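Chemist: The residues making up each chain are set out below.
There are 2 protein chains.
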Amino acid sequence: MKRKTIKDIAKESGFSLSTVSLVLNNHPRISQATRDRVMAVVKKYNFYPNSSARGLASKSSRTLSVVVPNLTRVFSDIYLGELISGIYERATSQGYKILLDIATAQFVKTQEYAKLLASRRADGMLFIASDIHADYLGVFEDSPYKFVLVNHLFPGKKLNYVSVDYAASARLAAEHLMGLGHRRIGLIAGTNTFTGLLFRDEFLRVCKTWPAGPAQVSWVDGGEEWSQRGGYAAAAKLMAQTPDLTAIMAANDRMAIGAMRWMADNRREVPEEVSIMGVDDIQLAAYVNPGLSTIRHDLYQVGIESCNRMLQLIKGEITECSDLLPTSLVVRGSTAHSRLS
Amino acid sequence: MKRKTIKDIAKESGFSLSTVSLVLNNHPRISQATRDRVMAVVKKYNFYPNSSARGLASKSSRTLSVVVPNLTRVFSDIYLGELISGIYERATSQGYKILLDIATAQFVKTQEYAKLLASRRADGMLFIASDIHADYLGVFEDSPYKFVLVNHLFPGKKLNYVSVDYAASARLAAEHLMGLGHRRIGLIAGTNTFTGLLFRDEFLRVCKTWPAGPAQVSWVDGGEEWSQRGGYAAAAKLMAQTPDLTAIMAANDRMAIGAMRWMADNRREVPEEVSIMGVDDIQLAAYVNPGLSTIRHDLYQVGIESCNRMLQLIKGEITECSDLLPTSLVVRGSTAHSRLS
DNA sequence: AGGTAATATGTTACCGCTAAAACGAGGATA
DNA sequence: TATCCTCGTTTTAGCGGTAACATATTACCT
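Going down the list, the sequences are from chains P and F. Residue numbering for the first sequence follows the numbering used here, beginning at 61 and increasing consecutively. Residue numbering for the second sequence follows the numbering used here, beginning at 61 and increasing consecutively.
Accuracy of the hints is not assured; some may be wrong.
Identical chains share a label here; the pair holds if one copy fits it or two copies do between them.
Simulated pairs of lysine-lysine, DSS-like, Cα-Cα distance not exceeding 25 Å [as the list claims (entries may be wrong)]: (1) Lys67 to Lys119; (2) Lys119 to Lys64; (3) Lys67 to Lys104; (4) Lys119 to Lys175.
Read the hints as simulated data drawn from the structure, not as lab findings. Computed from a predicted model, the values in this text were never measured in an experiment.
Model the full structure from these sequences, guided by the hints.
Modeler: Written out as structure tokens, the structure reads:
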């Protein structure tokens, strides 16, 4: 049986092509009676308009491209899960679909990022996968393509972004630890993203310029994957380097939990001997023992908001965006007053 | 600046519309000289053909729909990660893109699954999200739409599938435990999927019909989410019900690890007092202490293979498929001879 | 009643590409 | 030399919609 088209619906319902089209697009200038009669035929044949034809005529694919990092276990990363869920939720509610891509070497080499938008396969791109080496994204500066960095930013490049305010997080964390009297602090940083660098620098700055007296902060890299394992190793390194530190700040909860693990394995009491703090407030943070003090990052919200901005860019309601979403301090059991103060 | 079209390329390169089209589609009947001259212009303008127009004319969107379950932490589930990575890898290598959907209540209610294919937004659908209640999938029986269940199956429905052989896994697991002399066994089952039920039934059957003497197997449900937490609770329940059991079989590794956790918390030695076994062979299985004996399920391969089948269905090389992929026993430290034998 | 405005529907010109069929030029065949 | 292939390219007819514009109908004034 031949696939039905809008023409068949028009013929059978007795209206013209464009009337059917208007009905299908919920145009207000169609009478209820007409709408009902057309819809009856549409329902009868279970008709759905061809999206390619629609896309061609309307110059919009109603599709958003989402690019995620090429980590081994991309989808097992809760960080991504929250972001994607937020994006999906928002996109779907506005009738947009999500086209998924992974920023593999191949993806970059074949310039899929450009192709996707140039071929109008997607109306815009939400990019979750940037690290400090993703300079090919420069093509989107001043380009007509709709592009938003999700929870990242590129200092020096004119790219739209929606991100958690990492500098604010660094300040909150530093103020919390400094306020508890810590003056010998170890920092487990993530250095392969600009937001990670931003966090590190702001944290160091606040600690070193603290009015009531600066702290000595030594930092190490927690590794590319920001993993528990990386945090464990980093904690070991920090404690070997500076055995007398009273607090460890990790750039995310997973590394913080790795550090707590090291403390447990090496009979250091948390928080009595060493306070430990993370960033993100992943679910696990509340379940470890003691509960992990952290900075809450609402990534689901980042997903929602970045998709919102994308939709506004597409509609032309805005021409650029650079949003920093607020974060908040969550105090649990893993941080306490410095034993030295 | 106006967006370039194939017509512009044709004009500038001095060839006709269709020659350019043929070049862009790598048609063999185009001379190298022509190809080069056309491609030079294509490169010059960074031209990519409009995919809607292409889809309309060629009646193919070169897009596959992937539907994942609506779990709270969908993307944090390594199970899905492997599947999606496999699908993505295969699809991308053949020039197909992935359209992501989540099987929310909304998705089902609005019949997005039908709409996606009827509107030709996707050429086929890979469905990862089926549970025993997804009977709306019946619409795809004998339909012209390309549909494949990924790592699931629907007894009684004529739906294509590519899945790991759960019955074979059940046999391997049962044979391993029975061979170690266990005759009082607890089973933590997953009962919200047909494959879970299949596994349970086959496991029970083998244990009860074992030639060297049957085992007593009591089973409990590990919960909807097949989670570590569910496994923990299930283990507690099993041990309260049948304190003298010597082995616990869990329908996946996460629940098995939850059960191991319970044993550790309650000072039961694994495997000396109770052997524990899982299914899947997730990465963590090798890292817990003792290492978890399990049945290896290569989900990445399931992803690859199901996408392969989908592509064959689309090309018309096959008209249906029902593949069961082999599994294998992985013995680590968590299983040992029964203390009673 | 005649003219105008508001509302509802129809006409038509594309949107940018593919693919089947047509075409022309040169070389092989007889 | 006329006929037939073959190869490489062009012609042409859509693919199935959208949206601007045209038109018809009815309502509303004065």
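Chemist: Where does the structure disagree with the numbered hints, that is, which hint numbers, in rising order?
Modeler: none
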